[in-house]
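Those protein sequences? They're chains L and W, same order as listed.
Using the working numbering, the letters of the first sequence map in sequence onto residues 1 to 305.
Using the working numbering, the letters of the second sequence map in sequence onto residues 1001 to 1233.
It should be emphasised that the hints constitute simulated quantities derived from the structure, not laboratory data.
Just so we're clear, the structure is a prediction, and the values are computed from it rather than from any experiment.
Among the hints, erroneous ones may be present.
To give an idea of the chain L side of the interface with chain W (calculated C-beta under 8 Å), a few residues [claimed, not checked]: (1) ASP175; (2) GLU177; (3) ILE178; (4) GLY180; (5) GLY183.
Just so you have them, the derived chain L footprint on chain W, three or more residues with Cβ under 8 Å [stated by the list, open to error]: (6) 1066-1074; (7) 1082-1095; (8) 1101-1108.
Note that CB positions come from ideal geometry on N, CA and C, so glycine has one too.
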Amino acid sequence: MILALEQILNGAQLGLMLFLLAAGLTLVFGIMNLVNLAHGSLYMMGAYFAVTLIDWTGSFVLGALLALPAVLLLGIAVEVICLRRLYARSHLDQLLATFGLLLFFNDLVLVIWGKAGRTIALPGWLRTSVEILPGVPYSAYRLLVIAAGLVVALGLWFTISRTRIGMRIRAGASDREITGALGIDVASLFSLVFGVGAMLAGLAGILNAPILTVQSGMGERILVIALVVTVLGGIGSVRGAFVAALSIGLLDTLARAFLPDLLKVVLPASAAQTAGAAAGSMIIYLLMVITLAVRPQGLFPVRAR
Amino acid sequence: MLEIDRIDVSYGRLQVLFGLELRIPAGQVVALMGRNGMGKTTALRAIMGLVPVGTGTIRLRGADITNRPSHRIARAGIGLVPEGRRIFPNLSTRENLLAAAANRRHAAAPWTLERVFDLFPRLAERADLSGTQLSGGEQQMLAIGRALMTNPDLLILDEATEGLAPLARQAIWSCLARLKAEGLALLVVERDIKALATLAESCVMIEKGRVAWTGSGIDLAADPALVQKYLGI
Ligand SMILES: Nc1ncnc2c1ncn2[C@@H]1O[C@H](COP(=O)(O)OP(=O)(O)OP(=O)(O)O)[C@@H](O)[C@H]1O
Ligand SMILES: [Mg+2]
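Only chain L is shown next, with the shape it has when bound in the complex (with noise of 0.2 Å):
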């Protein structure tokens, strides 16, 4: 019962890490209509700034505090240096000129922080645990990273379904000539949403860097998760990408957990414990071809423009 609690919190905490990731993506491909495949590249960004930024700070909330507005000025930076450009551009289009910049920032991060990998060092009290129940302990950096997913979904529905800026954001992208002409600055505004998709993704970065190698080519793995989960939810669809997101989490992690076991009911143990991993790793994959050959459009599909 209580390893069953733990999984459910693991795969919560791997699913809200998907959301961040897959936030930023989804925003930008639902108001700009454009597909970001240097997304990744900004997760990675998000993950060296935090590497130095910590450095120069010897504390790691501070440096990874200060981290998340660099990769908000970079996400701007690169809006209006290169993307903005491509909104009215092919998806063809689109997808080289991301494809290039991922290859720039990979190279980009070879040539500031060198060839070697990174690594920080999580802090004391997030290695500690917690006492979510009476005698259960949970891992204080897992809930730091639940904490930051659901503030973020928490914070991301409120400003676009309750605020004038939301309001605003939704008008800009169903009818930009109009939005323009009633006042409203589309250009800076859209810097806005992609630099805050940026950040997000950045953020993410910043969480996974004390647990994994900071290094360069690490946005490329995640990229392909984001994608998926941007489109099991509904391209555009930041609720549709918080449902797929927790759901894959939920359903990767008890897989894991669970299926081994499960399967040795029916196989010989060293045959499930394979057979487990196996089915553990394919089991999104297999989610989202079901889900897309049911609803083709995603869970929850952005109204037709």
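Starting from the structure of chain L, add chain W with the ligands where the hints point.
Okay, now just chain W with the ligands, sitting in the frame of chain L:
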């Protein structure tokens, strides 16, 4: 207040406006008229910065606004009610209004949600419906209300009564009269001679992108031959 000085506008190689001139004094109503495809919408789009102006200048209260980004032109005090209404379909009625709301030039009595709902009580009843669930007349009211929320002192309306039922047309016309009484200048593209006769200080006929005739609404209503010649009605 608005002065359009000999502007040329082209779409690619197709020139649509040829040295068009137009003046809108503060607080007055000017009607832009002409047959289909003569360049009325193009002239309005040029004012709003939605299509590039080749030569010529457009000035608002003396300041050159030619080819400025459209959000800057709107902020300078021009509100647009576009052809086809173009309500944001993914926003509710209330959100359509709130998205546009701004009092950037610090009007003493700015337009608010309450004032727009007071002007168009129908919209208040439909505040939470999506823009696409409104009738044509209601959508037109919403488009006007949305433009008013930017607190303009010149409101531009492109065929605001087009395709509406008689009652809805009447509602729009009486709203325009009320706005004029409040001191707003209006530039309207319209073909309703009778309504214009009582409202418009000046009517401008354009033909093939040039001004062909200018006169008051009363002059126009009194001269059926003129109407036949330029509008074919
Ligand atoms: N985006 C565009 N690209 C190319 N040509 C255009 C474009 N918009 C309008 N035109 C052409 O410019 C000319 C003037 O069009 P405009 O829409 O200004 O006319 P209008 O007087 O508003 O007509 P209507 O009464 O039908 O609304 C027409 O010949 C039209 O075909
Ligand atoms: Mg027209």
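Taking the hints in turn, this is what the structure says about them:
Look at L:ASP175: its Cβ gets to within about 6 Å of chain W, closer than 8 Å, so that hint holds up. Hint status for L:GLU177: holds, given a least beta-carbon distance of 6 Å to chain W, under 8 Å. The beta carbon of L:ILE178 comes within 5 Å of a beta carbon in chain W, closer than 8 Å, and the hint placing it at the interface holds. Of the supplied interface hints, the one on L:GLY180 holds, with its beta-carbon coming within about 4 Å of a beta-carbon of chain W, less than 8 Å.
Annotation: L:GLY183 was flagged as interfacial toward chain W, and the flag holds, the nearest CB pair being 4 Å apart, inside 8 Å. Note: the stretch 1066-1074 of chain W has 5 residues with beta-carbon separation from chain L under 8 Å; the three-residue rule is met and the coverage holds. Under a criterion of three residues with beta carbons nearer than 8 Å to beta carbons of chain L, the stated coverage of the stretch 1082-1095 of chain W is upheld, 7 such residues being counted. Against chain L, the stretch 1101-1108 of chain W contributes 3 residues with a C-beta closer than 8 Å to a partner C-beta. That satisfies the three-residue criterion, and the hint holds.
In summary, this structure violates none of the numbered hints.
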